[in-house]
Amino acid sequence: MDWINILIQGGLLGGFYALFAIGLSMSFGIMRLVNIAHGDLIVLAAYVGLVVTERTGLDPFLSMILVAPIMFALGYVLQRGLLNQTLTGGLLPPLLVTFGISIIIQNGLLEVFGAYDHRLEEGAIETASLHLPGGLSIGVFPLVVFAVAVLSIASLQLLFYRTRLGRAFRAVSDDADTAELMGIDNRKLYAYALGIAMVFTAIAGVLFGIRTIFAPSAGPIRLILAFEAVIIGGLGNMWGTLIGGIVLGLAQAIGAALDPNWQILAGHLAFLAILIVRPNGLFPRTRD
Amino acid sequence: MEAAVETTRVERGTKASRIFVFVALPVLVALATMPWWSDSGNVRLVGEMAYYLALAQLWNLLAGYAGLVSVGQQAYVGLGGYALFYLTGPMNMNVYLAILLAGPFAGLMAIPISFAVFRLRGAYFAVGTWVVSEVVGLLASLFAVLGAGSGMSLTPAILRQISPDRDTRSMILYLGSLGISVFVFAVVYLLLRSRHGLALTAIRDSEPASASLGVNTFRTKFIVYLATAACTGLIGALIFLQKLRISPEAGFSINDWTVVVIFMVVIGGIGTLEGPFIGMLIFIVLRELLADYGSIYLMLLGAIAIVVMLKAPFGIWGWIIQRYDLQLFPVGRRLVLTPPAQPTQK
Numbered sequence: 001m002d003w004i005n006i007l008i009q010g011g012l013l014g015g016f017y018a019l020f021a022i023g024l025s026m027s028f029g030i031m032r033l034v035n036i037a038h039g040d041l042i043v044l045a046a047y048v049g050l051v052v053t054e055r056t057g058l059d060p061f062l063s064m065i066l067v068a069p070i071m072f073a074l075g076y077v078l079q080r081g082l083l084n085q086t087l088t089g090g091l092l093p094p095l096l097v098t099f100g101i102s103i104i105i106q107n108g109l110l111e112v113f114g115a116y117d118h119r120l121e122e123g124a125i126e127t128a129s130l131h132l133p134g135g136l137s138i139g140v141f142p143l144v145v146f147a148v149a150v151l152s153i154a155s156l157q158l159l160f161y162r163t164r165l166g167r168a169f170r171a172v173s174d175d176a177d178t179a180e181l182m183g184i185d186n187r188k189l190y191a192y193a194l195g196i197a198m199v200f201t202a203i204a205g206v207l208f209g210i211r212t213i214f215a216p217s218a219g220p221i222r223l224i225l226a227f228e229a230v231i232i233g234g235l236g237n238m239w240g241t242l243i244g245g246i247v248l249g250l251a252q253a254i255g256a257a258l259d260p261n262w263q264i265l266a267g268h269l270a271f272l273a274i275l276i277v278r279p280n281g282l283f284p285r286t287r288d
Numbered sequence: 001m002e003a004a005v006e007t008t009r010v011e012r013g014t015k016a017s018r019i020f021v022f023v024a025l026p027v028l029v030a031l032a033t034m035p036w037w038s039d040s041g042n043v044r045l046v047g048e049m050a051y052y053l054a055l056a057q058l059w060n061l062l063a064g065y066a067g068l069v070s071v072g073q074q075a076y077v078g079l080g081g082y083a084l085f086y087l088t089g090p091m092n093m094n095v096y097l098a099i100l101l102a103g104p105f106a107g108l109m110a111i112p113i114s115f116a117v118f119r120l121r122g123a124y125f126a127v128g129t130w131v132v133s134e135v136v137g138l139l140a141s142l143f144a145v146l147g148a149g150s151g152m153s154l155t156p157a158i159l160r161q162i163s164p165d166r167d168t169r170s171m172i173l174y175l176g177s178l179g180i181s182v183f184v185f186a187v188v189y190l191l192l193r194s195r196h197g198l199a200l201t202a203i204r205d206s207e208p209a210s211a212s213l214g215v216n217t218f219r220t221k222f223i224v225y226l227a228t229a230a231c232t233g234l235i236g237a238l239i240f241l242q243k244l245r246i247s248p249e250a251g252f253s254i255n256d257w258t259v260v261v262i263f264m265v266v267i268g269g270i271g272t273l274e275g276p277f278i279g280m281l282i283f284i285v286l287r288e289l290l291a292d293y294g295s296i297y298l299m300l301l302g303a304i305a306i307v308v309m310l311k312a313p314f315g316i317w318g319w320i321i322q323r324y325d326l327q328l329f330p331v332g333r334r335l336v337l338t339p340p341a342q343p344t345q346k
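Protein chains in written order, with our numbering: chain C, 1 to 288; chain P, 1 to 346.
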């Protein structure tokens, strides 16, 4: 029974990692943007959630109504103003520019909020749990996060495969130059893509803030986990990202069950093992 | 009578490079004698500049020439540092011998690591190298003999092996950092001027094209990766010899040993030998001027990186080359045409 419990907790943790990774998966899949600032943007969203809840008295869940559009606007402006100019010169320009953005966000948050830990208070749901037959107990909040991850990916799939905008995203992802010849305004489309990616980053950030304490330096480890989930799942495959997150969560849960010090290490090792066997991840849909 | 023909010859040096030698040599002599004429604060700063420059030249060789954009070089800094602390501490080895072994040890570790990361390309390679160095750092924090999460310290007895006298010791450490910087620069410069350098420059310009012209791209990149890892490990040993303490967090810090170095190389000019010098100087000057402002200084550094990347994607030296065709460390060959000689009267 212990192992079943561990696997369930690991799988739910995976939903959380998948949620971190959705925004990255989108920008990586559509514009091949290696966004080093992704983790810091998640943390930034948590801080925006903090300000919104403090100023308006809104419940953290509801604060997303304001956090999401703010992050959308930020994503649109970042892509339009900065990142679009970096997409033609290979790997280094976007890497460097997003490194710069990452450092600015981290230290900006440090200036404004200090190095202290913060937290979004959601109340009873944080600690509530469901008791299942067989002595299993499942936290309600991890279950909600997992459901949000699945719903987010499902809605993105609808966007990608059922709308004009989604068709344009897929076209640009497959072949940006040809898509432009067919009359797509790539730069504007990229700006929408990062904007939408940031909506999911906003959701991830607020849920992250409810789940654990956060500080300005919390970004890089979220980034690494998100990257691992995206790459394990395969480029351009949203359901793959969910599976990538679950693989990571399971590996970490199993590692932690063997020795608490091994949790993060086990996740990294699983990631490397998968990459060595399948350098493009498990289910790649787009070519790099 | 012979026809008057244009003769050609191949030249490697440039006028600027020949003049520069006469500037650089006295500067180097001045730096090497610095402990005798300057105060210890300045000497320490120049020592730090020296090892940052060495790290920057190595990353430049890796990313700028071999196309291996690694964000995991901190793995080798940490490995070199830990090798020094482990060999001198638990293994009781002489400190000089331990420093010499730290580099080869890091190079040796790079072999299994390269089997994993060399299967990856581009962004995947970058993320892969980062994850590998996280793994190495986490492993270091698991071993009790390495001090686990809190790390290790150098005992006074080990320091006395370098030299019993404190001033002599800091002089030796300074000359060590200066020496490694000159050594790394010489290795990179000579490598780039050699046959392999031609291959590397070709890979930098286009990997598929150089492969189709018969360059063994895998072998060339593999050699560069191992050599870079070994040199980075040696520098890591020297850095932590001066810091006296190492912990997984400090040894495997991506910000201290890779991000800062990438900034230097890219701001200065990637794929040139002059760029890392300029980038390192800008970084150190900014830090000395603004370090008191803490996070504001780091934000400014980030902003500068963004602006340089957008306005001068080849860095400051790249921008200068475009305008003035200036080369201080020429690695290429140029064809010089000599006008036909005047026919001599018989």
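FYI, nobody ran anything at the bench for these hints, they're computed from the structure. These numbers come from a predicted model, not from an experiment. Incorrect hints may have been included.
[Said to hold, decoys possible] Cβ-to-Cβ under 8 Å is the rule here; a few derived chain P residues that face chain C:
hint: 1; residue: Val27
hint: 2; residue: Val131
hint: 3; residue: Glu134
hint: 4; residue: Leu198
hint: 5; residue: Val259
hint: 6; residue: Val260
hint: 7; residue: Ile262
hint: 8; residue: Ala303
Heads up, the beta-carbon is just placed ideally off N, CA and C, and yes, glycines get one too.
Verification of the hints:
| no. | hint | verdict |
| --- | --- | --- |
| 1 | Val27 | 30 Å, violated |
| 2 | Val131 | 5 Å, holds |
| 3 | Glu134 | 6 Å, holds |
| 4 | Leu198 | 22 Å, violated |
| 5 | Val259 | 6 Å, holds |
| 6 | Val260 | 10 Å, violated |
| 7 | Ile262 | 7 Å, holds |
| 8 | Ala303 | 7 Å, holds |
In the structure shown, a violation is registered for the earlier hints numbered 1, 4, 6, in ascending order.
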